[in-house]
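J.: Sequence:
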Amino acid sequence: MDSKPKTGRKKKADRVPAKFEPGFIAALDGRTGIAQEMRERFQELTRDLGGADSLSYQQRSLCERVLWLEHWIRVQEAALARGDNAAFDVGRYTQAANSIQGLYAKLGLQRQARDVPTLGEFIRSKQGAPQQ
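Going letter by letter, the sequence shown gives residues 9 to 140 in the working numbering.
No wet-lab data here; the hints were simulated from the structure. Wrong hints could be hidden among the right ones.
DEER-style ranges, computed between Cβ atoms [said to hold, decoys possible]:
(1) Ile42 - Asn93: 21 to 31 Å
(2) Gly128 - Gly41: 34 to 44 Å
(3) Ala86 - Ser107: 14 to 24 Å
(4) Ala89 - Pro125: 45 to 55 Å
Quick reminder that beta carbons are idealized off the backbone N, C-alpha and C, glycines included.
Using the sequences and the accompanying hints, generate a full structural model.
T.: Have a look at this one:
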């Protein structure tokens, strides 16, 4: 008999999956360095596009795919730097580099300004006053 209580919780992942899985960033254990790095990169990428709240589902999905590909490319480059030619797949690397370029082109390479309320609008919104 198992002495551990069952919580019904799924164990959080401690590494990026070998194959892309939607929601992989949220599934990472937040205590790990890779989870913190991925979440920061997601924030940075979406911030450059005007903020995650202003992006469509499709754009957020593309952002997640970009980050997975970026990670995979870095793993391949590390293998190459170590001289581990067996782990480096030049064909898949080239395909991934082309794919990430295409995703970046779809998302846009220029930073987007976020809509920011004026100071007066912000204060009124916090006070519950009607806006003019």
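J.: Could you run down the list of hints and mark each one as holding or not?
T.: Hint-by-hint comparison with the structure:
For the pair Ile42 and Asn93, the beta carbons lie near 25 Å from each other, so the given range of 21 to 31 Å is met. In this structure the hint that Gly128 and Gly41 lie 34 to 44 Å apart at CB holds, the actual value being about 42 Å. At roughly 19 Å, the beta-carbon separation of Ala86 and Ser107 lies within the given 14 to 24 Å, and the hint holds. In this structure the hint that Ala89 and Pro125 lie 45 to 55 Å apart at CB holds, the actual value being about 47 Å.
Comparing the model with each numbered hint stated earlier shows that all of them hold.
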